[in-house]
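Chemist: Letter by letter, the chains look like this.
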Amino acid sequence: MHKRLFITLITALAVLASACAQATPSPTASSPDLGLAAPTASAAPVTPIATVPRPTPAPTPTPPATQTLTVMTHDSFEASEDVIQAFEQANDVTITFLKSGDAGAALNKAILSQDAPLADVFYGVDNTFLSRALDAGLFEPYASPALAGVPAEFKLDPENRALPVDYGDVCLNYDKAYFAENYLQPPQTLEGLTRPEYKSLLVVENPATSSPGLAFMLATVVHFGPDEFLDFWKQLRENDVKVVEGWETAYYNDFSGSSGHGPRPLVVSYASSPPAEIVFAPDPKPAEAPTASVVGPGACFRQIEFAGILKGTKNRALAEKWVDFMLSTPFQEDMPLQMFVFPVNPAAKLPQVFLRWAQVPAEPATLSPAEIAAHRDEWIKAWTEVVLR
Amino acid sequence: MDQGVDGSRIEIGRSREQEGRRGTAQLLALLLPASCFLLLFYFYPLASILRIGLAPEGRLDLTALAALAGDAYLWKVLAFTVWQAVLSTLLTLLAGLPGAYLVARYQFRGKGVLRALAGVPFVMPTLVVAAAFSALVGPRGWINLGWMALLHLNSPPLNVTNTLGAILLAHVFYNTTIVLRLVGDFWSHLDPRLVGAARVLGASRARAFLEITLPLLAPALLAAALLVFIFDFTSFGVILVLGGPKFTTLEVEIYRQTVNLLNLPTAAALSLVQLACTLGFTVLYTRLSARVTAPLTLRPQTFTQRPLRSWRARLAAAIIVGGLFLLLIAPLVALAARSFVRLEAARGERAAVQTGFTLAFYRELFVNRRESIFYVPPFAAIGNSVGVATATALLSLAVGLPAAFALGRSPARGDGDSRPSRLGAVLDPLIMLPLGTSAVTMGFGFLVAFNRPPLDWRASPLLLPLAHTLVAFPFVVRSLLPALRGIRPQLRRAAAVLGANPARVFVEVDLPLVGRALFVGGAFAFAISLGEFGATALVARPEFPTVPVAVYRFLSQPGALNYGQALALSTILMVVCAGGILAIESLRVGEVGEF
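So the protein lines, in turn, are chains A and B. For the first sequence, the numbering used here gives the first residue as 1, with consecutive numbering after it. For the second sequence, the numbering used here gives the first residue as 1, with consecutive numbering after it.
Certain hints may be false.
Stated by the list, open to error - Straight-line Cα separation of at most 30 Å, BS3-like style, residue types lysine-lysine; simulated pairs: (1) A/LYS311 - A/LYS176; (2) B/LYS246 - A/LYS234; (3) A/LYS381 - A/LYS242; (4) A/LYS199 - A/LYS242; (5) A/LYS176 - A/LYS199; (6) A/LYS176 - A/LYS349; (7) A/LYS155 - A/LYS314; (8) A/LYS242 - B/LYS76; (9) A/LYS199 - A/LYS234; (10) B/LYS76 - A/LYS381; (11) A/LYS285 - A/LYS349; (12) B/LYS246 - A/LYS242; (13) A/LYS285 - A/LYS321; (14) B/LYS111 - A/LYS234; (15) A/LYS349 - A/LYS199; (16) A/LYS176 - A/LYS242; (17) A/LYS321 - A/LYS311; (18) A/LYS199 - B/LYS246; (19) A/LYS155 - A/LYS285; (20) A/LYS381 - B/LYS246; (21) A/LYS381 - A/LYS199.
What the hints assert, rightly or not - Partial pick of chain B residues on the chain A-facing surface, computed with a CB cut under 7 Å: (22) LEU78; (23) LEU127; (24) LEU359; (25) ALA360; (26) PHE444; (27) LEU447; (28) GLY559.
As the list claims (entries may be wrong) - Some chain A residues close to chain B (C-beta under 7 Å, calculated; not the full set): (29) SER76; (30) GLU78; (31) ALA79; (32) PHE87; (33) GLY104; (34) SER113; (35) GLN114; (36) PRO117; (37) VAL243.
Don't read these hints as lab results, they were simulated from the structure. Backbone N, C-alpha and C fix where the C-beta goes; we use that ideal spot for every residue, glycine too.
In isolation and in its complexed conformation, chain A is listed as follows:
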């Protein structure tokens, strides 16, 4: 008897859950009038079947937009509702964001659907994959006036097919508590990592499968040179570096400074991870970030992310407006707390938590996209031989 009751309950719950889902407006499709769609929808069944064909319509401040724009991007894309709504209302447009897998998968999907583009704008190709996008002829050039204020170091495509939007530094993070408890100085430079006191402390991501893993390997290539970096990795291997496939595993399963409480106090992550640890801490907020970055010269690699107008778009004018908007202050100031990246527009102000807890490396490593494209596979292969075989 109890079993039956339990099952009935579960079934009812499942039905309820799916009903709730249907009643909830999908966030993207109806984002312009999200606040109003919900009450209207739930009020509908209550309205008695009246003889009057149409009751007075609910007041809608925004009539449905007449145009649509599709932005293809990676899974990590985030933005504030009001920021996007402001753009939609100002331009009488509904924006659809097509999240298409991780950065690599999204780019490849854009390339494979080139003949019949799925979107008007693509956002989220970084400098390590920029050449692949440009060589495939994915983008139409657009010299946005908004680029004027962007520092030259970010503008890697002179033809303006790919426009820089944000950047972030891949750095080592360390667990402050571990080093304090063990009266140990955290390493300052890459060379320091090979010292015996840091044996078995570091976890890195595989550059073959992970974007920060690749960035960190590139930092060592720049710092030690394309022939010598493997010697450094040989020493790291002797110092018992651990390699895992992706950032999530490294950070949450192996790193002791995260809430996963893993065994290793040094991890390859981002300079923006310490502020994220504050933003996403449960209340009461801690007074201090639990982690910090190693920002010595050459210890970090700078990733720059680009947006571009997809070749073949039928919405060129709107696409231009969207790209301008991504470079404008409202969007640029929204990015840090949504995606934990830094704005390329110097006019954009950083949030307090970034100013306080994100360290800016003095001399982050950079490498031209062409050089990365020319050697990436060969470096990864050599790295794999030295570190994993």
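Model the placement of chain B on the given structure of chain A, informed by the hints.
Modeler: Below, chain B without anything else, positioned relative to chain A:
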């Protein structure tokens, strides 16, 4: 009764030729849904993506395949892929058989719940399972910490992360439920008097098992082994996350070549190798299965099961249930427990770790703290998941049930011969192919195949249940076939002689006899869809995020709230999965399912 059936055979024999023709037409009609579905949603997208890789200029270019064949690395990868899959399958069978025996032969309280809970691992995202394992057996897991405290050790004695052991453990964790269900259900319909007779005639317990039970169980054992093997053979997340970067399977290599390197020729060549292997294994299975399948008199469970009476039986049951609990449920409990515990150190002063019960992570799920446009309320994510899973289960049954009937009946051969027909021998392996195809290949295949009107479906929300059905409906077919092939053809003939038309024979004879298997298949399809992430990530529409998608989204950023919410949502996923399986299995439509 038996005499009557035999007598009728003569009469039917006269019109066999005519009936054979009608049977063939019937067979083709039954196979139509599966054929159309596979052609449109499997072979067409697969061919589209392989064509880009193998014939980029319109002409077939097999240099990549040739280069691959001469590459020692490929053979190493292939050898490891097969090796770990064989080991995993054997271990999974070993782990599942005692439990299958228990649920097949005994009635006890909580059996339904045990079966449903055992199915939960099936839906857990790999990253979350990795977290569960490290909470249990990781360097700072409970077992190691306890061991270290007990023996005053300085370093953790048990190290399973990034070893072959971790891969095997995870595969057993994920797939034991397949053995439990497929074998357990079939077993529960075997007549226990056969073993009883053997024992009376002096056979030992072991001999009775080896010579009576095992041969009778063989069809279901083989079906379960095939499914488990193909799952392990195409394993991806487990290898990457739990095995670590030192281990590579074909599936992992296909993913790397496609997503990281965009080397479509090599990816296509690797896909062909993987497909050929899947096909080979399935053909081998079909052969073996044909040899061991014998018509049986299946008995209802009320006839074959008894309560646990003696203390010895109870003890044995407790040991088996305890073992399953440790293996399958303890990691899940560890995970669920973490979602209710606040484990934040007062930063900088680790000594003062505040621990305690908290619902903060669950409450946080309902808050759109960042005012993000991508915020998904938990009930919406659950609704999406349950909706897609229900659609997948229905679609899989609609496609799989007729196909299974077509494959299970054999008009091409004589009476009493329940071996698969020639048509079945060809089609059966084809049905299994989607299981042996990597998610990334299918995801990209959909992208390039459905890109122009009238087939411009890349943006359709229906792609998700369709993609899930590709993986789920082979399960439906596999769970139905052993039962269907075991039905004595005489039963159908008897019904026909007594005046039942084919539809009525189906409803009155076949359906009640395979009813349980039908719901087992449906529950599998539901669970597969609920946990599927690989294809989901590639075809999901952002406006319909499922629970695993939301879990991965939380795990992609640092911070205690993100981690806590990922665990909380995973816990909810477990509850939804167990509830869904219980609900499906308790369905009763007329006599269907009662058997």
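Chemist: Could you work out which of the previously given hints the structure breaks and list their numbers from low to high?
Modeler: 1, 13, 14, 15, 19, 22, 24, 32, 35 and 36
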